[in-house]
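Fit the two chains together into the complex; they arrive one by one in their own frames, and the hints show the way.
These protein sequence lines map, in sequence, to chains A and B.
Under the working numbering, the first residue of the first sequence is numbered 1, with each subsequent residue one higher.
Under the working numbering, the first residue of the second sequence is numbered 179, with each subsequent residue one higher.
Since the hints were made in silico from the structure, they are not lab data.
Remember, it's a predicted structure, so these values are computed and weren't measured experimentally.
We treat Cβ as the ideally placed atom computed from N, Cα and C, and that holds for glycine.
A couple of the hints might just be wrong.
[Said to hold, decoys possible] Interface residues of chain B toward chain A, partial, derived using beta-carbon atoms under 10 angstroms:
{"#": "1", "residue": "R358"}
{"#": "2", "residue": "I371"}
{"#": "3", "residue": "D479"}
{"#": "4", "residue": "P491"}
[As the list claims (entries may be wrong)] Each computed DMTMM-like pair below joins lysine to aspartate or glutamate, with the alpha-carbon atoms no more than 25 angstroms apart:
{"#": "5", "chain 1": "A", "residue 1": "K49", "chain 2": "A", "residue 2": "E158"}
{"#": "6", "chain 1": "B", "residue 1": "K252", "chain 2": "A", "residue 2": "D79"}
{"#": "7", "chain 1": "B", "residue 1": "K485", "chain 2": "A", "residue 2": "D129"}
{"#": "8", "chain 1": "B", "residue 1": "K363", "chain 2": "A", "residue 2": "E48"}
{"#": "9", "chain 1": "A", "residue 1": "K88", "chain 2": "A", "residue 2": "E152"}
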Amino acid sequence: MADESETKITFRRGAPVKPEKIKGLFTGLALTLRTMLSKNQVVQYPHEKEVPVPRARGVIGLNEDNCTACMLCARECPDWCIYIEGHKEKRPPRREGGKPRTVQILNRFDIDYGLCMYCGICVEVCPFDALHWSPEYEYSELKVANLLHDKERLGHWETTKPAQPGYEKGSEMKGAKK
Amino acid sequence: MSPTPPVLAAQARASAHLADARMAIELETPEMTLNIGPQHPSTHGVFRIVAEVDGEKLLKADPVLGYMHRGYEKLAEVRTYPQITTLVNRIDWLSGYCNEIPFILGVERLMGIEAPPRAQYIRTILSELARISTFLVFLGSYGIELGALTPFFHTMRDREKVLDLIEGVTGGRFHPNFNRVGGVKDDLPAGFIDATRQVMNTVEDICKDVETLLFGNDIFQQRTTGVGLIPLEKGLAYGMSGANIRASGCAVDVRRDEPYLVYDDLEFDVVMDDRCDSYARAWCRLQETLQSVRIVRQCLDRLPAGKIMAKVPRIIQVPPGEVYTRAENPLGELGYHIISRGGRIPYRVKVRTPSFSNVSVLPWLLKDVWMADVITILGSLYFILGDVDR
Chain A
1 MADESETKIT FRRGAPVKPE KIKGLFTGLA LTLRTMLSKN QVVQYPHEKE VPVPRARGVI
61 GLNEDNCTAC MLCARECPDW CIYIEGHKEK RPPRREGGKP RTVQILNRFD IDYGLCMYCG
121 ICVEVCPFDA LHWSPEYEYS ELKVANLLHD KERLGHWETT KPAQPGYEKG SEMKGAKK
Chain B
179 MSPTPPVLAA QARASAHLAD ARMAIELETP EMTLNIGPQH PSTHGVFRIV AEVDGEKLLK
239 ADPVLGYMHR GYEKLAEVRT YPQITTLVNR IDWLSGYCNE IPFILGVERL MGIEAPPRAQ
299 YIRTILSELA RISTFLVFLG SYGIELGALT PFFHTMRDRE KVLDLIEGVT GGRFHPNFNR
359 VGGVKDDLPA GFIDATRQVM NTVEDICKDV ETLLFGNDIF QQRTTGVGLI PLEKGLAYGM
419 SGANIRASGC AVDVRRDEPY LVYDDLEFDV VMDDRCDSYA RAWCRLQETL QSVRIVRQCL
479 DRLPAGKIMA KVPRIIQVPP GEVYTRAENP LGELGYHIIS RGGRIPYRVK VRTPSFSNVS
539 VLPWLLKDVW MADVITILGS LYFILGDVDR
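Same shape as in the complex, but just chain B (with noise of 0.2 angstroms):
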């Protein structure tokens, strides 16, 4: 046999590239079922995504939850009211003062209680301090997820002071127990009120830095602007509260709407879009941080003298009743259904938490997304795992 001539070789080599080729065009991607966590840096705690995937494209997403479940309705049970509050602390944990406040209100309004005017402004600016610095985690790390990596640091920094802030008035930094049935445990320490003002004109700077640097880059927008709709009556249906619904046109806000501590004398801004993306959302969260900041002022600037405990008995009985008590948490409404059938420890503590049905909007949500904007839609519902599995 003759050699074959080089020009006939290179003719075959191109003709088996071009069969190749053919190949990758006519391979089938197959779907393929992923598993996004459970343990994941977007997602705030242990949570699993069962995702189908074809290609790039996110077909379907089943959210596994439970994995933080600690049991904390069942472990209220055997709880007295006052050791109650140190659970409840945990549920949400970054914004674990205003836990506490729904509970409280609850037990003294089946015992028929109202605590002092001064112990109900600390109970606001407190509950506002957490807000801020729930929000600041928020937009640190959805710049993170999104890859800023600046704000982080600097809302972080920032963070801190809010923190030291809360510290320096209940000794806690996450986990605060501050509140009692009928007042709260303590004081406010000296020089608290000029430290508060000081940190509060840096939060303001800090959310102006943000706005520009995050709200305003083009990178940042394109990444979120259109991202995770959600339309107001699909919102609704699942039950989303906070700056989710807020974010989809549905101006609720219980502060308002059904004033609790002293909300109603205060003047603050229900902050509301109508964009219904991931956009929205962020943004909503963005300017509630600087209505938090209007609602401290104001506080700091109104804060009455007087008593911080009302007369309560030294054991907290409370007599057989029904409540259902809500506020609106950082991360939306907070209610507790307490039973109690009289004595010292309630019958049934049924917790409904903002986040777990943030979070069943997911499966509605996750179809026929790309896997890039899965992240950036889980950050911008922005839920707290162990608010979600209690």
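Bound-form chain A, shown alone (with noise of 0.2 angstroms):
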């Protein structure tokens, strides 16, 4: 039985590891001291804040001006928490003797953070770049129905979107340093 799937295998018996009551009772104490000695890794939270990274998945923010309410976000949405509603308006032509162009003005725009499941489809299916992850997470409520964000919380959100830094070597994305 010496094929290539048996060296594959540990296979011990009986107890790996002897305890030793005295000499254990050393390794335990050295511990002890060890962590005694090192530093303190509890972050005292309202005090002091953790920096998230940057890529964390905190809030979502919008920048109102990419956004053409085409509504791929809130049908992409797994559990439909976007709300989107829009009107279009005649704006006059950018030559003269041109026809007058249309626009989406956006009316509302609200994510409902009490059904979000920060999955980020959203952001991602963007196809004009309006949705952003920032890494902010202190946005809690004392009644659900404020968990529901509007647009002019939402683009405050946008105002916190940190600077991504680059990729690990080897990478081929945009941006990449070669």
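Pasting the structure below:
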């Protein structure tokens, strides 16, 4: 039985560690001492804050100027927590004598964070780069209804969008160092 | 009537006491039905066992499932494939990343797409990191269930570092939703490889600490050795998988038997034990954590350059077909049976979760055991209730 699959098995019997009472006591005490002398790892939350990583999915920000109310995000959302209303308006043509332009105006853009699963599909499907993730996380509310963020509030989150660091070497993403 | 002499009174009292004592000896202890749960700190979720106890002995146990049922199989029938990956994250919430792998592999197999090598390596690294974080929870919480408080703080502290790595790449600590059909969402951020190497050293240290402090502890060994024996035939008959069956002496590991991702190129051991008891199950998980560290290090060394997404259509439409893909989750074998009748939405997604099969052995296992051993056995099987009920 010397086939290849046999080489990948660790097979052990019996207790791997023999309990040694006196030595074990000192091992435990040594760990206690080591931990006591090491740096404190606890962050006292309201007084000091951890900085989330730039990619952290904390809250979604909306860049209202980019949004054309195309409803792609609202349709692709797995739990349908985005509410969009918009209307069309005529604008004067760019050149003289041209046809008047039609623009989409956003009346309402709400995300219900009480429902949101923080999956990021809306950010990904947006063809006009209007939605972004921000690592902000302090927006808990006493009432569930207040978790519905309107476009002003989402616009505020957009300003907290962090700069993304580059990629690990070997990456062929846009903006990666060669 | 003359007063009773004190000697006689003392005799009367003594005889009354003796009669009481005889009563106590002859008192029958009737069988009693006792509910363990639905909420109990040792069950990792909402789980209920209706137990018939005779004193300290548990005669019969009947697990009641379904408190965590969220209907993911049904929800998947009205969602597109990219939306379903957000759902499968939540099946086993401790290792959200590992749940995505078999589903995405199944969809890719139906569509005839293969992810580029760099994406495969990133997937392997992240799923092993998720495995490490799950096992660190086990090593800590199993100590707590048996009365050892210290390992919990140490393992949880180091698990935080592993979760920070996952968050740094995917943006989510528990629900990464990082896999896409044909690749992964984003490339690794700068500095990831160095940070991971450091954390892997930390994990190795904590595993050694846990091995000496917890597994070498006399009390721990006496409470776990020989408790909750599952013979190999019984384990196989109940469809157990993962470390639970490997501790019963059957070296099955989907990563080696049916290699997916890049496990074929990597060197790792399938940890196996034949003692079949709670100690063996815990010991297997400890050793598997070290094997995962080994796998992550190999992946970091071999990480190829290149693209992270294959060419996929913008709208994911899966041709008609049927596929069953499985993967080695931290808890056991996780499989998805995906039936597609064409279009953007699957016809049916059947999820085979490891915890459900692992829990099904409980009525057989929890017979004639002491109450104190019930927690030992439940903890050593290590199931996640979201994984049991889906």
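Results for each hint:
1. R358: Cβ of B/R358 sits 9 angstroms from chain A, so the hint holds.
2. I371: Since the shortest Cβ distance to chain A is 6 angstroms, the answer is holds.
3. D479: Interface hint status for B/D479: violated (12 angstroms vs cutoff 10 angstroms).
4. P491: Hint on B/P491: violated, closest Cβ of chain A at ~14 angstroms, above 10 angstroms.
5. A/K49 x A/E158: This hinted pair holds, its Cα atoms lying about 21 angstroms apart.
6. B/K252 x A/D79: With Cα atoms ~14 angstroms apart, B/K252 and A/D79 stay inside 25 angstroms; holds.
7. B/K485 x A/D129: holds, 22 angstroms
8. B/K363 x A/E48: violated, 32 angstroms
9. A/K88 x A/E152: holds, 20 angstroms
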